[in-house]
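Visitor: This is what each chain is made of:
There are 2 protein chains.
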Amino acid sequence: MGGSWVAGKIFSEVYSGKPVSLVDSYELPEFVSKSTLVIAISYSGNTEETVGLAKQAAQKKAHVVTISSGGMLPEYGNQKIIIPRSDLQPRSATGYMIMPILYGFGLAKEEDVRHARTALEALDKDNAQCLGHAKTIAHRELIPVIYGSSPFKSMAYRWKTQFNENSKIMAYSNYFPELNHNDTLPLAQTYRKDGFYFFVFGSDNPKISKRISVTAEITKTKFNMIEPKGSSYLERMFYMLHYGDYVSYHLGLLRNVDPADVSLIGAMKKALS
Amino acid sequence: MGGSWVAGKIFSEVYSGKPVSLVDSYELPEFVSKSTLVIAISYSGNTEETVGLAKQAAQKKAHVVTISSGGMLPEYGNQKIIIPRSDLQPRSATGYMIMPILYGFGLAKEEDVRHARTALEALDKDNAQCLGHAKTIAHRELIPVIYGSSPFKSMAYRWKTQFNENSKIMAYSNYFPELNHNDTLPLAQTYRKDGFYFFVFGSDNPKISKRISVTAEITKTKFNMIEPKGSSYLERMFYMLHYGDYVSYHLGLLRNVDPADVSLIGAMKKALS
Chain A
1 MGGSWVAGKI
11 FSEVYSGKPV
21 SLVDSYELPE
31 FVSKSTLVIA
41 ISYSGNTEET
51 VGLAKQAAQK
61 KAHVVTISSG
71 GMLPEYGNQK
81 IIIPRSDLQP
91 RSATGYMIMP
101 ILYGFGLAKE
111 EDVRHARTAL
121 EALDKDNAQC
131 LGHAKTIAHR
141 ELIPVIYGSS
151 PFKSMAYRWK
161 TQFNENSKIM
171 AYSNYFPELN
181 HNDTLPLAQT
191 YRKDGFYFFV
201 FGSDNPKISK
211 RISVTAEITK
221 TKFNMIEPKG
231 SSYLERMFYM
241 LHYGDYVSYH
251 LGLLRNVDPA
261 DVSLIGAMKK
271 ALS
Chain B
1 MGGSWVAGKI
11 FSEVYSGKPV
21 SLVDSYELPE
31 FVSKSTLVIA
41 ISYSGNTEET
51 VGLAKQAAQK
61 KAHVVTISSG
71 GMLPEYGNQK
81 IIIPRSDLQP
91 RSATGYMIMP
101 ILYGFGLAKE
111 EDVRHARTAL
121 EALDKDNAQC
131 LGHAKTIAHR
141 ELIPVIYGSS
151 PFKSMAYRWK
161 TQFNENSKIM
171 AYSNYFPELN
181 HNDTLPLAQT
191 YRKDGFYFFV
201 FGSDNPKISK
211 RISVTAEITK
221 TKFNMIEPKG
231 SSYLERMFYM
241 LHYGDYVSYH
251 LGLLRNVDPA
261 DVSLIGAMKK
271 ALS
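Residue numbers (this note's numbering), protein chains in the order written: chain A, 1 to 273; chain B, 1 to 273.
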């Protein structure tokens, strides 16, 4: 769920060697058996839904790998990956949650990790572009809509959730080419269009690239393009992740809300328990 | 893609006997082999993405089932299901596309189909409630946000796409419990909240039901509840589908747009070809 769910989404989008099912409800799929690998991710290790699912998986004798900073989750793991810090917001620990999976499935190389780190440090030094987007959004009180495409469909969703949690504003995501089958007509004809701010991730797939420019033109929409930078998937992925984090973080500050404050979620969990 | 994609989404949400991977991009997952069942759905049978995927699946000797009203798609099918009408909008043919799959996997009984039909006919006779929602939305030019939960997460997405295509307005969907990890803070603190209209599908899962009421209370949000009616999943599913269709249809008419008009999509396909 939440910040941990995003790690699963990112992985499932880039790994296609075996079928991957994402589970974000209370029930484990029926097909789970002793020949299933179940990866249970919860930063705190105490997320109600995830702990319940891991328990079900253990009962079905699946091979369970847990990723958490502690909590009850490891109790159900055949392999337990413990994140060395437990003082972060789950959404700030995405790197800790996604890297063991990418490594484990051979999707990350040492060299790419070094490049990714350099890219992130560069963005830490200069994120004026991120602040620029945040200023426009804050000034006009806009609702961000983020359009991604493979391999960054989940990344568009990640941005949405970061605007939700860091900036405390509504935000929505969608992706090409599917959005051409639904969002296209409203982009041309909806009311309240000037209340939205459209981020679009650049793509090196020429088919997607053409769809982006044709959609902008036909619907007369201003797309604020964000180009993934980097020489490997891993570098581009972390660059995009960090970029979105900065936009939503700056926007929170500009709105005078505390990006880290999630006390309302705490109140809700209390009311639910 | 589009209306056909929704049929796949609905199926994958209720079937958990085997892993189901939804594909909505240009590339077939790597794991597809001769022991994979590939169901390729395109109402026209000529959707670029779907035809390309079916071709790849046939090359990999997967067992391909095609569902279409004709077109190029059946060429790649080991089993070809032909929809008897080719004069509909894809999104109006959801029943034709979902029923062969639900039947094939033993998820629909004759008796449930009869009940579903009766429920739909009742809604055809009296859909004043749907019109009521549409009037409020049209009058205040609101953006619908639809919150579902299992087994109607995909249905919330279906409603979104129907508002997009029939009413030509922006709309968004999300689902419980996941939305408690992202939309909750903005529901309490976002700007422009009075520009949205929140539909929430009722749930007979007490955990979800409690989440809905706690979320509404803590965030001080007016949830317009839609209760799924019917004695079986199939009846409730079609009831919800039809209900959303009517709201979006009425809303299109109230906005003086033609719900059936998709000429812009045609223009886009031309620009892309």
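Rather than coming from a laboratory, the hints here were simulated on the basis of the structure.
Hints are supplied without guarantee of correctness; some may be wrong.
Same chains, same names: a pair is fine if it fits in one copy or spans any two.
Derived pair list, reagent style SDA-like, types lysine to any residue, alpha-carbon separation capped at 20 Å [unchecked claim]: (1) LYS60 to GLY195; (2) LYS229 to VAL257; (3) LYS207 to ASP124; (4) LYS222 to SER273; (5) LYS80 to VAL14; (6) LYS222 to ASN78; (7) LYS193 to ASN256; (8) LYS269 to GLU178; (9) LYS9 to GLU27; (10) LYS9 to LEU22; (11) LYS34 to ASN78; (12) LYS270 to SER35; (13) LYS80 to GLY106; (14) LYS270 to THR219; (15) LYS193 to GLU141; (16) LYS55 to ARG192; (17) LYS135 to ASP194; (18) LYS269 to ASN78; (19) LYS222 to THR136.
Visitor: Evaluate each hint against the coordinates.
Guide: Hints versus structure:
1. LYS60 to GLY195: neither (49 Å within a copy, 47 Å between copies)
2. LYS229 to VAL257: Result: close neither inside a copy nor across copies, 30 Å intra and 41 Å inter.
3. LYS207 to ASP124: neither (33 Å within a copy, 41 Å between copies)
4. LYS222 to SER273: So LYS222 and SER273 fail the 20 Å test inside a copy (45 Å) and across (23 Å) alike.
5. LYS80 to VAL14: Classified as neither; 23 Å inside a copy, 31 Å across copies.
6. LYS222 to ASN78: Cα proximity of LYS222 and ASN78: none, with 50 Å in one copy and 45 Å across.
7. LYS193 to ASN256: Answer is between: at 18 Å across copies they meet the 20 Å cutoff, but 25 Å inside does not.
8. LYS269 to GLU178: Answer is between; shortest inter-copy Cα gap is 13 Å, intra-copy 35 Å.
9. LYS9 to GLU27: both (18 Å within a copy, 18 Å between copies)
10. LYS9 to LEU22: both (7 Å within a copy, 13 Å between copies)
11. LYS34 to ASN78: Intra 12 Å, inter 32 Å, cutoff 20 Å: intra-copy only.
12. LYS270 to SER35: Close neither inside one copy (37 Å) nor across copies (48 Å); limit 20 Å.
13. LYS80 to GLY106: Within one copy only: 19 Å inside, 38 Å across.
14. LYS270 to THR219: The answer is between: 14 Å across copies meets 20 Å, while 45 Å in one copy does not.
15. LYS193 to GLU141: The answer is both: 13 Å in one copy and 11 Å across copies each meet 20 Å.
16. LYS55 to ARG192: Classified as neither: same-chain Cα gap 46 Å, cross-chain 41 Å, threshold 20 Å.
17. LYS135 to ASP194: within (16 Å within a copy, 22 Å between copies)
18. LYS269 to ASN78: Intra 29 Å, inter 51 Å, cutoff 20 Å: neither.
19. LYS222 to THR136: Within one copy only: 13 Å inside, 29 Å across.
Of the numbered hints listed earlier, those contradicted by the structure are 1, 2, 3, 4, 5, 6, 12, 16 and 18.
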